[in-house]
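Undergrad: Just need the whole structure built from these sequences, with the hints factored in.
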Amino acid sequence: MNDAMSLSQRADALEQKMSDELDYILVKSRLYSMAEADFGPPPNPGAIMAQNPRARVLMGDDPRLPKMPEKPTLIDFFRYRFGPAAHVLQSARHAVNAGLPEKMVLACLLHDISTMGFIRGDHGYWGAQLVEPYVDSEVTWAIRAHQVLRFYPDEAAGYEYPASYIKAFGADYRPDPYIEADYQRMKNHKWYMSGRMITVHDIYSFDPNVEVELSEFTDVIGRNFRQPEEGLGYDNSPVAHMWRAMIRPAKYL
Amino acid sequence: MNDAISLSQRADALEHKMMQELNDAIIVKSRLFLLADADFAMPNGNKLQAERPGAKMLMGDDPRLPKMPEKPTLVDFFKLRFAPAQHLLQSARHALKAGVPEKMILACLLHDIGVLGFIRSDHGYWGAQMVEPYVDPEVAWAIRAHQALRFYADEAAGYPYPEQYVKYFGADYVPDPYIQAEYERARNHKWYMSARMITVHDIYSFDPNVVATLDEFVDIIGRNFRQPAEGLGFDDSPSAHMWRTLNRPTKYL
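Taken in sequence, the protein lines are chains U and E. In terms of this note's numbering, the first sequence is residues 45 to 297. In terms of this note's numbering, the second sequence is residues 39 to 291.
Honestly, the hints are just simulated from the structure, not real lab data. Treat the numbers as computed from the prediction; the structure is a model and nothing was measured. C-beta: ideal position from N, C-alpha, C; glycine also. Do not rely on the hints blindly, as some may be mistaken.
[To be verified] Each pair of labels, with its calculated beta carbon distance range:
| hint | chain 1 | residue 1 | chain 2 | residue 2 | range |
| --- | --- | --- | --- | --- | --- |
| 1 | E | Ala195 | U | Glu146 | 49 to 55 Å |
| 2 | U | Ile210 | E | Val249 | 47 to 53 Å |
| 3 | U | Tyr248 | E | Ala136 | 39 to 45 Å |
| 4 | E | Asp192 | U | Ile210 | 58 to 64 Å |
| 5 | E | Asp192 | U | Pro197 | 56 to 62 Å |
| 6 | U | Phe83 | E | Asp253 | 18 to 24 Å |
| 7 | E | Pro104 | U | Ala91 | 42 to 48 Å |
| 8 | E | Lys117 | U | Pro177 | 31 to 37 Å |
[Claimed, not checked] Coverage of chain E stretches by chain U, computed from C-beta distances (three or more under 8 Å per stretch; other residues unrestricted):
| hint | region |
| --- | --- |
| 9 | 100-109 |
| 10 | 163-174 |
| 11 | 195-209 |
| 12 | 284-291 |
[Said to hold, decoys possible] Part of the chain U face toward chain E, derived, beta carbon under 8 Å:
| hint | residue |
| --- | --- |
| 13 | Gly127 |
| 14 | Met160 |
| 15 | Tyr169 |
TA: Laid out in structure tokens, this is it:
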């Protein structure tokens, strides 16, 4: 770029370049619009294309997002799609220090992937569904159960009702009846204590001075997460499309 | 309300009431929704609460959205979350007129609920996963497979490649390898023609003068969709949390 250009000329040029490159039409999914309470009709690609004949609806990679490898691994999702992972990394290290079995360390590492990368509401159910084809069934069960058990103390096991929940949800918050019903089912389950251990190591106050790297858990992942060789999203598993939605969240169809 | 209040005063009052309701609730978007906006911000509940003392993270109904009944039915989702659903209704009526079996009329009625109400990307897979516990396996299979078959013409069955796709995706668009692989599997499947029928009745040009109503299909739904007594979302099925997310897309956790 010519050094003689002023800063504002450069900014203009950059903007022009961006709008030339953005020859794709984005149509938001209804679920995303509903989260904005927007019930309006989606943009009409035909009308947009009448203005810009080169434009096409987005069917491939979203150029605004970090590019994913062709055969993405769990670690690639941590790197390119999940938000900051300090919470699950600290949680997994906490579990290692407590001497938990390796598969439960993995459960602690994965318990909040839906909050970090996917859908927040009922994140334990979503997270369990995402990993089910790739982990031990006890790990899946425990991730699902932590959604429920987190609302119920078990002082003998070392889990008090979190003070942060009183603050976030109010002192009068009561879990929904479906959560209560799941709790009744789960507390008598043979894997109860595995679900409970996720809540015990789900530490709510972070030590900002402790830095935990994902590389500490590469071997745990390697031994306990059955990475599909076609890449997550491309293995025709029952949940492959869910991983693909994270790869291309704004794909048109 | 006092009759003397003008329409605009009423609107103001309603808006004020809504704001008050929202003021007590902090709404945070899920990572997936933010990623679709190329927004990598990670909302911090503590910080948001510090900015709005007294407000709580939203754990219940979103006051901005139409309220769902306690035990929602498929028809409730059509009315309160999917509407307008003309495309599905016209498609189902088209199938009805062609004399396809009743369960396939249901498949046509449901084939695009992923687009109308949930996640557009790979919507056939999403739609099939949501309805799987409640419909004949052939219906779920056909909804899943229509995602792939729609990109492949079958002139003998009455399905040319849609002109609209040439326009929207470009003449040089080639489906992703996972879609190609799905197509290869599907075309030799015993239920191939059921999925193909969804694409045949997936009419791309709507007659604006034809208004099909859901009432026409209430009996077909009743006979072919196993509505859970607890309500969709509250029956502990493998897809219950997906319906709950549609019910409450902004639930915090």
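Undergrad: Hint by hint, where does the structure go against what was stated? Just the numbers, ascending.
TA: 3 and 7
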